[in-house]
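> Chain C: place on chain G using the hints.
Protein chains in written order, with my numbering: chain G, 9 to 121; chain C, 76 to 188.
Everything labelled a hint here was simulated from the structure, so no lab data went into it.
Mixed in with the good hints, there may be bad ones.
[Unchecked claim] Straight-line alpha carbon distances no greater than 25 Å define the calculated DSS-like cross-link-like pairs of lysine-lysine that follow:
no.: 1; chain 1: G; residue 1: Lys50; chain 2: C; residue 2: Lys76
no.: 2; chain 1: G; residue 1: Lys50; chain 2: C; residue 2: Lys143
no.: 3; chain 1: G; residue 1: Lys65; chain 2: C; residue 2: Lys76
no.: 4; chain 1: G; residue 1: Lys91; chain 2: G; residue 2: Lys65
no.: 5; chain 1: C; residue 1: Lys76; chain 2: C; residue 2: Lys143
no.: 6; chain 1: G; residue 1: Lys50; chain 2: G; residue 2: Lys91
no.: 7; chain 1: G; residue 1: Lys50; chain 2: G; residue 2: Lys65
no.: 8; chain 1: G; residue 1: Lys65; chain 2: G; residue 2: Lys86
no.: 9; chain 1: C; residue 1: Lys117; chain 2: G; residue 2: Lys86
no.: 10; chain 1: G; residue 1: Lys86; chain 2: G; residue 2: Lys50
no.: 11; chain 1: C; residue 1: Lys143; chain 2: G; residue 2: Lys86
no.: 12; chain 1: C; residue 1: Lys117; chain 2: G; residue 2: Lys91
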Amino acid sequence: EPEVTQTPSHQVTQMGQEVILRCVPISNHLYFYWYRQILGQKVEFLVSFYNNEISEKSEIFDDQFSVERPDGSNFTLKIRSTKLEDSAMYFCASKYTGADTQYFGPGTRLTVL
Amino acid sequence: KQEVTQIPAALSVPEGENLVLNCSFTDSAIYNLQWFRQDPGKGLTSLLLIQSSQREQTSGRLNASLDKSSGRSTLYIAASQPGDSATYLCAVLNTGTASKLTFGTGTRLQVTL
Numbered sequence: 009e010p011e012v013t014q015t016p017s018h019q020v021t022q023m024g025q026e027v028i029l030r031c032v033p034i035s036n037h038l039y040f041y042w043y044r045q046i047l048g049q050k051v052e053f054l055v056s057f058y059n060n061e062i063s064e065k066s067e068i069f070d071d072q073f074s075v076e077r078p079d080g081s082n083f084t085l086k087i088r089s090t091k092l093e094d095s096a097m098y099f100c101a102s103k104y105t106g107a108d109t110q111y112f113g114p115g116t117r118l119t120v121l
Numbered sequence: 076k077q078e079v080t081q082i083p084a085a086l087s088v089p090e091g092e093n094l095v096l097n098c099s100f101t102d103s104a105i106y107n108l109q110w111f112r113q114d115p116g117k118g119l120t121s122l123l124l125i126q127s128s129q130r131e132q133t134s135g136r137l138n139a140s141l142d143k144s145s146g147r148s149t150l151y152i153a154a155s156q157p158g159d160s161a162t163y164l165c166a167v168l169n170t171g172t173a174s175k176l177t178f179g180t181g182t183r184l185q186v187t188l
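Just chain G, same shape as in the assembly (with noise of 0.2 Å):
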């Protein structure tokens, strides 16, 4: 079965360094989301993404965040300077056109030192 694929599954970086999340969506995807996950709190949605441009964003994601579809199967998400408060479990989920479900990435457990 087609799964969301993630890596690297856990990143450490200093703060104030920049990191990019990687996400491989389900191949016939073309609706991508961020979602962030603090220990020990909810799950919180990040972004949106469809052709090409961000259709929805939170107020959690400020100009620190970006994505971008580099290519035909990778969707990334890059956080330009880290902050501590940063260190959470990143989420990417993608669904198909005409359906609901969002389907998950294992996730990247980012941790900001």
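Structure of chain C alone, referenced to chain G:
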């Protein structure tokens, strides 16, 4: 602003018991509601999705109901097994948004032998 709450926060039951997990939401203008399972350190697995026009959905030993007007959903698990041990999350998709899932706090289920 949509708020989603789940009770109980944690539940421990012996194998074989039937159980009910509860989810409540404050804004009844939803498009659909999804139940997910999250294993420790892992991603989210979609279990059931109920459209706002539906009352319930079933998949194997799982049955989810939706009462949109009262802002409630339940997930019924029949004949629980140790493999059902996980955190269960509900998430709603509001009308007026194309993509943003709002998640609940989760119920951590432990099924003991």
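> Next, verify each hint and record whether it holds.
Cross-check of the supplied hints:
1. Distance restraint check for Lys50 (chain G) and Lys76 (chain C): the Cα-Cα separation of roughly 15 Å lies within the 25 Å cut-off, and the hinted pair is therefore satisfied.
2. Proximity of Lys50 (chain G) to Lys143 (chain C) is assessed by CA-CA distance (about 22 Å); at most 25 Å being required, the pair is judged to hold.
3. Between the alpha carbons of Lys65 (chain G) and Lys76 (chain C) the distance comes to roughly 15 Å, so the proposed pair stays at or under 25 Å and holds.
4. Distance restraint check for Lys91 (chain G) and Lys65 (chain G): the Cα-Cα separation of roughly 19 Å lies within the 25 Å cut-off, and the hinted pair is therefore satisfied.
5. Under the criterion of a C-alpha separation no larger than 25 Å, the hint pairing Lys76 (chain C) with Lys143 (chain C) is consistent with the structure, at around 16 Å.
6. Annotation: proposed proximity of Lys50 (chain G) to Lys91 (chain G) holds, straight-line Cα distance about 19 Å (limit 25 Å).
7. This hinted pair checks out: Lys50 (chain G) and Lys65 (chain G) have alpha carbons roughly 17 Å apart, not beyond 25 Å.
8. For the hint linking Lys65 (chain G) to Lys86 (chain G), the alpha-carbon distance of about 14 Å falls within 25 Å, and the restraint holds.
9. Restraint check for Lys117 (chain C) and Lys86 (chain G): the C-alpha separation of about 21 Å stays at or below 25 Å, so the hint holds.
10. Using a Cα cut-off of 25 Å, the hinted pair Lys86 (chain G) and Lys50 (chain G) holds, with the two alpha carbons roughly 21 Å apart.
11. For the hint pairing Lys143 (chain C) with Lys86 (chain G), the CA-to-CA distance comes to about 37 Å; that exceeds 25 Å, so the pair is violated.
12. With a C-alpha separation of about 24 Å, the suggested pairing of Lys117 (chain C) with Lys91 (chain G) holds against the 25 Å cut-off.
Violated hint: 11 only; the structure is consistent with all others.
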